[in-house]
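**Student:** Sequence:
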Amino acid sequence: MGSTTFYRPGDTVDTSSMFTVVTRFITDDATSSGTLTKIKRFYVQNGKLIPNSQSDVSGVTANSIIESFCAAEKTAFGDTDYFDQRGGLAGVGEDWEKAGWYPDVMD
1 MGSTTFYRPG DTVDTSSMFT VVTRFITDDA TSSGTLTKIK RFYVQNGKLI PNSQSDVSGV
61 TANSIIESFC AAEKTAFGDT DYFDQRGGLA GVGEDWEKAG WYPDVMD
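Last residue of the sequence shown: number 107 in full-length UniProt numbering, and the count goes up by one each step with no gaps.
All the given hints hold, so there is nothing to weed out.
For lysine to any residue, the following SDA-like pairs were computed, each having C-alpha atoms within a straight-line distance of at most 20 Å: (1) K40 x I66; (2) K74 x D56; (3) K48 x R24; (4) K40 x A30; (5) K98 x D28; (6) K38 x S68; (7) K38 x S53; (8) K74 x I39; (9) K38 x T23; (10) K98 x T31; (11) K40 x F19; (12) K98 x I26; (13) K40 x I26; (14) K38 x A72; (15) K38 x R24; (16) K38 x I50; (17) K40 x D28; (18) K48 x V22; (19) K40 x E67; (20) K38 x G91; (21) K38 x E97; (22) K48 x V21; (23) K48 x R8; (24) K40 x D84; (25) K48 x S17; (26) K38 x D28; (27) K38 x A62; (28) K48 x F6; (29) K38 x A71; (30) K48 x G10.
Here are the computed distance ranges between Cβ atoms for each label pair: (31) T4 x A30: 31 to 41 Å; (32) T61 x T35: 17 to 27 Å; (33) Y82 x D14: 28 to 38 Å; (34) S16 x D81: 34 to 44 Å; (35) G87 x G47: 32 to 42 Å.
Keep in mind the hints are simulated off the structure, nothing from the lab.
Computed from a predicted model, the values in this text were never measured in an experiment.
Ideal Cβ positions, reconstructed from N, Cα and C, are used throughout, including at glycine.
Kindly produce the complete structure, drawing on both the sequences and the hints.
**Tutor:** The structure is reproduced here in structure tokens:
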């Protein structure tokens, strides 16, 4: 978030070459039935694993989606924290289960 030199032609993730985006949905007990606690993204390009960039927004320090990142992002931009009001990451995981949609469909 806020990085302008990470994801573009010739930079860390060189968008002029093929790459793979990997998104991991991590639960509190490392099972598919656990409570969602983190959404982590990384990239693979030319056999190299590239972690997601760190946030460049003041007060927002993370490179994956976790509860504290979401709260800091809302504070940094002065937004209403609807994410937390609706259950945060645990709420996202519950909604997926209710709808019959699971993160594995992205694999």
